[in-house]
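Asks: The residues making up each chain are set out below.
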Amino acid sequence: MASRLVDGLEVVRAALWPKPLAWATGYALLLPALLVVGLLALGLVYIVDASFRELDTRTFLLAETYSLGNFQEIWERTVFWRITGRTLLAAVIVTAITLALAFPYAYLMVRTRSSLLRKLLLISLFLPFFIGQVVRAYGWLIILGQQGIANTLLQQIGLGPFRLIFTYETVIFGLVQYMLPFAVLMLAPALAAISEEVELAAESLGARWWEAMLNVVVPMAKPGFVAAGVVVFTISLTDFAMPAVLGGGTNDFLANSIYHAFFRISDPGLASALAVILVAIGSTIVAILFAWLGTGTLGFRKSSGASA
Amino acid sequence: MRSRSTPPLWRRRQLLQTAGATALGAATLGLPRLGFANEPAKPAELIVRAWGGVWVDALNEGVSAPFSEMTGIRIRHDLTEDNEIQPRIWAAVAQGRKPPIHINWDTSTNATKSAMRGVTVDLSDLPNLEGLLPAATPVGLDGFPIVNVYSYVYVLAYREAVFPDGPPDSWNILLDPRFRSRVAVYNDGIGFHPAAQIAGGGTFEDIPDNMEPAWEFIRQLKAQNPLLGEDPDFTNWFQQGEIDVACTIISNAREARANGIDVAWTIPKEGAKIDTDALWIPQGLDDNETYWAKQYINYALTLEAQQPWLDRLGLPGVRPGVVPPADLVGDPAYPTTDEDFARLISVPTPILAEYERDWFIKFTEIMQS
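Top line first, the protein sequences correspond to chains A and B. All letters in the first sequence, in the order written, are residues -17 to 290 by my numbering. All letters in the second sequence, in the order written, are residues 18 to 386 by my numbering.
Keep in mind the hints are simulated off the structure, nothing from the lab. We treat Cβ as the ideally placed atom computed from N, Cα and C, and that holds for glycine. Do not take every clue at face value.
[Unchecked claim] Here are some chain A residues the structure puts well away from chain B; computed CB gaps all over 10 Å:
#, residue
1, Arg(-5)
2, Leu37
3, Tyr48
4, Pro163
5, Trp191
[What the hints assert, rightly or not] Going by beta-carbon spacing under 7 Å, a handful of chain A positions derived as facing chain B:
#, residue
6, Asp31
7, Thr39
8, Thr41
9, Ala45
10, Phe245
With the hints as constraints, model all of the structure from the sequences given.
Replies: Structure (structure tokens):
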């Protein structure tokens, strides 16, 4: 029965995709991905086009002629420099903290012999994926607010209440909590690919556990670190919800500025120019990282030391 | 966003009475035909963009539900933010697509921008424009590409318990060190720029050419580490004990108080900004949809619709005869007399449409520093 079904499918395949086209099969499979990327590229072309057109506040239409006016405004207004710097700094801090927290978590998850512990770690990892970013951010508002659990506990020991939300630090805290599962998921395959015997060999040659970790495991997990770092950095760099919800309106990132320009001041030209700058910054930094550290588990070229 | 509250019984009764009355009115007066020999086919539904919380509840109670009962057309409220729907409508009209909504309930400033862009349908043939107060007429535009439907004031809202000796009398209370990190304004400063201009020592006549006093006041406000948010945030912040004073629309403060939150409001001695909201119809709809969308707006301008709609919001309408809710009689934040209006700051909508962009950017520049 099954073989007849397979034979039947083979006949259909041969009719739809004759043998002379076999060379194009790989390209055909790439087509959906190319279509998605192509649409994104097309959108980017429109955004680049709009970025060179200034808004006419008499008609609320973008100018027909091209100019550098939007970029000049961004250059001249210190607020955009400040927000760009704040966004970059946050992305770097979040990446560093997240990787530092994700490594022991992923290591324990991969190496533990207790299936119960592994399951618990996996459940803890996947549970946040079922809760959206905005909901999680609002959860922190409830926990850290003036009348939240944290302040209630602090007040019981005679402290506070303190303003624990609507600060830069809270935004970073929220982002780290949001990014941690991504980083663990990217690191775990790289760690799983490192044979436990390599660690045992290092220790049998006299290395203490932390020396084996630092000199053997971490370098061999570099592809995982690169992949996790790039994912965490780029998502943090373009994040909107955490600064919007936890920032209290005074800790905006570039994505918030783009939103404000598009929707609050109805200036798609300025918003597009900001978007172009954000894409350029993100792409440049990721390109430098790839050139410097390799493409990690994201790439098509195996880095030295990677066994994945 | 605040949760919807069930209307009290008396409101439901009033709604039924009003609906009955309007149905009778429609039967006797008839919905006027707007340039069509025969009444066009009714669409299954009309989509009206609205603000959430008390705003959409009030619209539904006063306008949408009775209109549906009268015409059989279902009204769906789209709660997309006014600023977010605007570019979608603009793009749809520019690309020759059908807009995502039939009626936009919008700030008059945003509505004016849409009219200036040429995406609005002319409403000059609405019979119920007749006899409206001057505030209904759009400023700086030809005819009625939009129609203003009520006025509202950006009041100084405060937690009563924090002011046992009476309400604060000046916007300068926002700069009081006692309230550091416990003050709030809108996240683009909307409604606050003119008040800050006067409180900062400037004059109304200097708007928009010299706004430096406003910016200096806002710089001092920045040092207070204020919270910046949108309509629902103010209610939440008051409720959660995050703030003590704020510049917000009276309807938000009144709704917070109706929900049992310890909030009151005042018009400070420097004055408070008065503004209007509008209704308009985007171009690109089918003719029958445009017709019935016009009928919806036409109905929203009747006394029968305005009274329950604006009762709930605590706002003065544009149809003469709208009676203030009992709790707002004599309240200058519900202006009815010349003396009330003298305490308010009214910046012409064309000025707001032209300069709001720069004011928002400047406000952001200060607040993000």
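Asks: Hints first: check each against the structure and report whether it holds.
Replies: Quick rundown of the hints versus the structure:
1. At roughly 39 Å from the closest C-beta of chain B, the C-beta of A:Arg(-5) stays outside 10 Å, upholding its exclusion from the interface.
2. Against chain B, the non-interface label of A:Leu37 is violated: not every CB pair exceeds 10 Å, the least being about 7 Å.
3. With a cut of 10 Å on Cβ distances, A:Tyr48 stays outside the contact zone with chain B, its closest approach being about 19 Å.
4. Non-interface status of A:Pro163 relative to chain B is upheld: no Cβ of that chain comes within 10 Å, the nearest being about 28 Å off.
5. Listed as a non-interface residue, A:Trp191 keeps its Cβ farther than 10 Å from every Cβ of chain B; the least gap is roughly 46 Å.
6. Because the closest C-beta pair between A:Asp31 and chain B is about 14 Å apart, greater than 7 Å, the hint is violated.
7. Nearest Cβ of chain B to the Cβ of A:Thr39: about 5 Å, under the 7 Å cut. The hint holds.
8. Satisfaction of the interface hint for A:Thr41 is found here, the shortest Cβ-Cβ separation to chain B being roughly 6 Å, below the 7 Å cut-off.
9. Here the hint on A:Ala45 is broken, as its CB sits about 14 Å from the closest CB of chain B, past 7 Å.
10. A hinted interface residue such as A:Phe245 counts as satisfied when its beta carbon comes closer than 7 Å to some beta carbon of chain B; here the least separation is about 4 Å, so the hint holds.
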